[in-house]
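K.L.:
These protein sequences, in sequence, are chains V and F.
Read left to right, the first sequence gives residues 1 to 450 (UniProt numbering).
Read left to right, the second sequence gives residues 1 to 450 (UniProt numbering).
Misleading hints may appear alongside valid ones.
As the list makes no split between identical chains, a pair holds if one copy fits it or if it spans any two.
What the hints assert, rightly or not - Simulated crosslink set (EDC-like; lysine to aspartate or glutamate; CA at most 16 Å straight-line):
id, residue 1, residue 2
1, Lys202, Glu157
2, Lys255, Glu150
3, Lys291, Asp134
4, Lys195, Glu157
5, Lys288, Asp245
6, Lys178, Asp33
These aren't lab readings, by the way, just hints derived from the structure by calculation.
One letter stands for each residue in the lines below.
Number of protein chains: 2
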Amino acid sequence: MSSKENRQLHLNLFVTPVGHHEAAWRHPDTDVDQLLDFSFFQRLAAKAEAAKLDSIFLADRVATSPSAVQYGAIGGYEPLTLLSALAVVTKRIGLIATVSTSFNEPFNLARRFASLDHLSGGRAGWNIITSGTDAEARNFNLEQIPEHAERYERAREFLDIAVKLWDSWERDALIRDKESGIYADHHKVHELNHKGKYFSVKGPLNVSRSPQGRPVLVQAGSSQDGRQFAAEHAEAIFTAQQSFDEARAFYGDIKRRAAKAGRSPGHITILPGICPIIGRTEEEAREKEAKLVELSNPAYSLIMLSNRVGFDLTGYPLDGPMPQLPVKEVRGHQSRTNLIVELAQRENLTLRQLLNRLAGGRGHRTVTGTPTQIADMLEHWFAEGAADGFNIMPQLMAGGLEDFLELVVPELQRRGLFRTEYTGTTLRDHYGLPYPENQFAVKPASQAHY
Amino acid sequence: MSSKENRQLHLNLFVTPVGHHEAAWRHPDTDVDQLLDFSFFQRLAAKAEAAKLDSIFLADRVATSPSAVQYGAIGGYEPLTLLSALAVVTKRIGLIATVSTSFNEPFNLARRFASLDHLSGGRAGWNIITSGTDAEARNFNLEQIPEHAERYERAREFLDIAVKLWDSWERDALIRDKESGIYADHHKVHELNHKGKYFSVKGPLNVSRSPQGRPVLVQAGSSQDGRQFAAEHAEAIFTAQQSFDEARAFYGDIKRRAAKAGRSPGHITILPGICPIIGRTEEEAREKEAKLVELSNPAYSLIMLSNRVGFDLTGYPLDGPMPQLPVKEVRGHQSRTNLIVELAQRENLTLRQLLNRLAGGRGHRTVTGTPTQIADMLEHWFAEGAADGFNIMPQLMAGGLEDFLELVVPELQRRGLFRTEYTGTTLRDHYGLPYPENQFAVKPASQAHY
Ligand SMILES: Cc1cc2nc3c(=O)[nH]c(=O)nc-3n(C[C@H](O)[C@H](O)[C@H](O)COP(=O)(O)O)c2cc1C
Ligand SMILES: Cc1cc2nc3c(=O)[nH]c(=O)nc-3n(C[C@H](O)[C@H](O)[C@H](O)COP(=O)(O)O)c2cc1C
Chain V
1 MSSKENRQLH LNLFVTPVGH HEAAWRHPDT DVDQLLDFSF FQRLAAKAEA AKLDSIFLAD
61 RVATSPSAVQ YGAIGGYEPL TLLSALAVVT KRIGLIATVS TSFNEPFNLA RRFASLDHLS
121 GGRAGWNIIT SGTDAEARNF NLEQIPEHAE RYERAREFLD IAVKLWDSWE RDALIRDKES
181 GIYADHHKVH ELNHKGKYFS VKGPLNVSRS PQGRPVLVQA GSSQDGRQFA AEHAEAIFTA
241 QQSFDEARAF YGDIKRRAAK AGRSPGHITI LPGICPIIGR TEEEAREKEA KLVELSNPAY
301 SLIMLSNRVG FDLTGYPLDG PMPQLPVKEV RGHQSRTNLI VELAQRENLT LRQLLNRLAG
361 GRGHRTVTGT PTQIADMLEH WFAEGAADGF NIMPQLMAGG LEDFLELVVP ELQRRGLFRT
421 EYTGTTLRDH YGLPYPENQF AVKPASQAHY
Chain F
1 MSSKENRQLH LNLFVTPVGH HEAAWRHPDT DVDQLLDFSF FQRLAAKAEA AKLDSIFLAD
61 RVATSPSAVQ YGAIGGYEPL TLLSALAVVT KRIGLIATVS TSFNEPFNLA RRFASLDHLS
121 GGRAGWNIIT SGTDAEARNF NLEQIPEHAE RYERAREFLD IAVKLWDSWE RDALIRDKES
181 GIYADHHKVH ELNHKGKYFS VKGPLNVSRS PQGRPVLVQA GSSQDGRQFA AEHAEAIFTA
241 QQSFDEARAF YGDIKRRAAK AGRSPGHITI LPGICPIIGR TEEEAREKEA KLVELSNPAY
301 SLIMLSNRVG FDLTGYPLDG PMPQLPVKEV RGHQSRTNLI VELAQRENLT LRQLLNRLAG
361 GRGHRTVTGT PTQIADMLEH WFAEGAADGF NIMPQLMAGG LEDFLELVVP ELQRRGLFRT
421 EYTGTTLRDH YGLPYPENQF AVKPASQAHY
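If we strip away everything but chain V, and leave its shape as in the complex, we get:
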């Protein structure tokens, strides 16, 4: 990491059962049974591991609707369930699950991630989200999603408690002396006695300290609240960036905020999302892209976009402009909504054009081209301060993932930009992150003076 030549990029695979393009399930090569076929996910994880990727990642949303499932390939596994199963059929690759702080209790969450970290030998990561839609709130006793700032405030308290729970067992608390009958050193197992605005949690956790101490903390919010939260707490950041300039500005902003918060900027890995369509020739790639556009269904895309921006767009003419959203603070997914509105305005897109632009990656950067073209783009962003690595989001899983792993990854390896072997065993190792200090541990006297 120290010399510039040795700096290597990180690759996360954003897993969906059929692909990131909204129409991926309709593609002739797609097997729709994949949604609930564990052996498919097992093969996929094995391939990603063989290519030495840092991690695989599952997104999450806690609602759907009859109108969404009419067109969309929805209804698969809850992420931690699937990753728990994948943990025991993989060896090295990291396993990142999304769980919302708005609809869970810290004790339950801390426990499940500690369990996954044990089960996987230290490969768990948590994508911390606050959720952003009323549909989700309505499955959890609310009428409306709480205000943006309030969600992040709850997220801060939630994370503080979770970290304390992970710290509640010191690393060397276990004694397990059969002779004396002492199982653990009770001075090294701590109550929290947390009483805050949103939660009261006594602790300790009922899972002993896991291999990584705590899961790798991942965050994906890009609003002001989201950036500040990420800069203070996240160890990896997913982000949707349309252009190199925007990505570089975001990258610089996060690293500066991190430094200001007293953190080492090298301990935050920034991973913009890339949705590739890869062909051996440019023409082949364009044909694949055209096929997906042809299979797209604007009725479905409109529902998805409406959910995303929190405003009902169905009924608006497809060949007219994107309507003005009512002027108010965006309550839901703030930065993504802004990105979409800006994209439509900047390029003066009709609603239909906008839908096509979003269909492949919901606002993430889409790229269509040859392996070399794609590797060039990744290298450019990486070398010029716009990324520490990438969140790979194949538009089509069948074929699209293999194309990336078999054609682009080797090219990155040839360029010396990506590992050819794992050097560590934990997800922290892969991302070059330190083992976390324990806030409850008393330093030995000899160390305490330095």
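Please arrange chain F with the ligands on chain V, whose structure you already have, making use of the hints.
P.N.:
Leaving out everything else, chain F with the ligands in the frame of chain V:
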């Protein structure tokens, strides 16, 4: 099931990493690493499956304390995490996880069990508990565990919602027609729009209908509230019964309540817990028992008993009588507390004697003997209306489990009391339970008239 000769008993294995005896971890044969060693659980599940057991089961509690971990082998996996992993390395055996209705949200729970049911091909079961200790409440924003009746009221509403969520996708809702782009028939995916005393949940679930329709519903409360709840909703019942007479009375009571509630008594499998210590001779068995008593630690047993009865017994003289518990409604684990108090009074036990009686199975029936003696006891309870099968709780996992599977199960098979092959693939098949009707499904006109 129809003729008496063909009636066979059911066997569930109550899994703990080291054994049900409080001192099991201190036994020379025990490997304490087992708590977090997945390969141990995998071997254990494989053995239970090879013996054709109906299911394995994990209990749960959402709290611990520094004083408990000082002596007790505590700090292992969260149950659904472990069972998700076991689902993909087993083929036939049922997987029952305990989750509390007092500290979870119905949407999250319904989703995780639907996911596990998909992952396992229809082998999920849910042990529905309401939890019973203040220590647990204090990890979830409360000072005290809610009143007994209130917990069961919440449990009823919780279960009602969970079942509706599992029913929210009809069995034939998936269309997945690539040509038309219709993924699901939106008339067969239902919102709940539930608004109740404890919860508001809109639905539908975001997991499609699972192989069993819903997990097998298991319950283990034996208070009046618990019995009534079980009789109305449970498909299998775990229960602690000290004697044949008590077990038979309980069995009759539940079956009568079930009939009164309009259910078929054959669709509720009653499984008293049995904690065996098995020797090839009676003497060998007694020696094993003595060894465990010798390893017991009254200080730890007192903490555990105090937790269980919700009253601090530490400091009371071990060789005096069990102190009177303050006369008030038992808020926590009602029936177990009563069982313990009655046992101490009936047999006039000192505190130390009581602790030894409880150390092997916390109030479950302990039996020490030869395979034949144990098989005799099981047959007696089964044939004479006290049980439909048993919840097997080996006091020692190392050795104790194998003894049961290799010595007692074959004896039960020889007597024609237990299957020698699985005849179905789902947990419902093993327990002879029907596939559940869907409350949202409209019956075709031709059927609706009958
Ligand atoms: C790669 C990536 C993955 C995301 N995954 C999820 C997810 O699974 N669930 C979710 O609700 N939001 C997800 N988000 C959205 C973010 O959590 C966040 O709400 C969004 O970026 C807007 O953040 P902001 O409100 O701070 O601007 C994801 C974002 C990115 C960039
Ligand atoms: C075999 C068995 C397993 C149980 N597992 C749990 C458990 O995992 N967690 C828990 O809190 N209670 C558990 N219980 C306790 C019951 O859920 C219930 O609280 C207890 O039997 C008292 O019920 P009552 O209050 O209705 O009398 C279990 C009981 C039995 C018989």
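K.L.:
Would you mind marking each hint as holding or not holding in the structure?
P.N.:
Here is how each hint holds up against the structure:
Taking identical chains as interchangeable, the C-alpha atoms of lysine 202 and glutamate 157 lie at most 16 Å apart only when both belong to the same chain, with a minimum of 14 Å there against 27 Å between chains. Taking the shortest alpha-carbon separations for lysine 255 and glutamate 150, neither the intra-copy value of 25 Å nor the inter-copy value of 51 Å comes in at or below 16 Å. Proximity of lysine 291 and aspartate 134 under a CA criterion of 16 Å is satisfied in neither setting, with 34 Å inside one chain copy and 60 Å between copies. In this homomeric assembly, lysine 195 and glutamate 157 come within 16 Å of each other (Cα to Cα) only inside a single copy, at 10 Å, whereas the closest approach across copies is 29 Å.
Within a single copy, lysine 288 and aspartate 245 get their C-alpha atoms no closer than 27 Å, and across copies no closer than 73 Å, so neither meets the 16 Å cut-off. For a Cα distance limit of 16 Å, the shortest separation of lysine 178 from aspartate 33 across copies, 13 Å, qualifies, whereas the shortest one inside one copy, 50 Å, does not.
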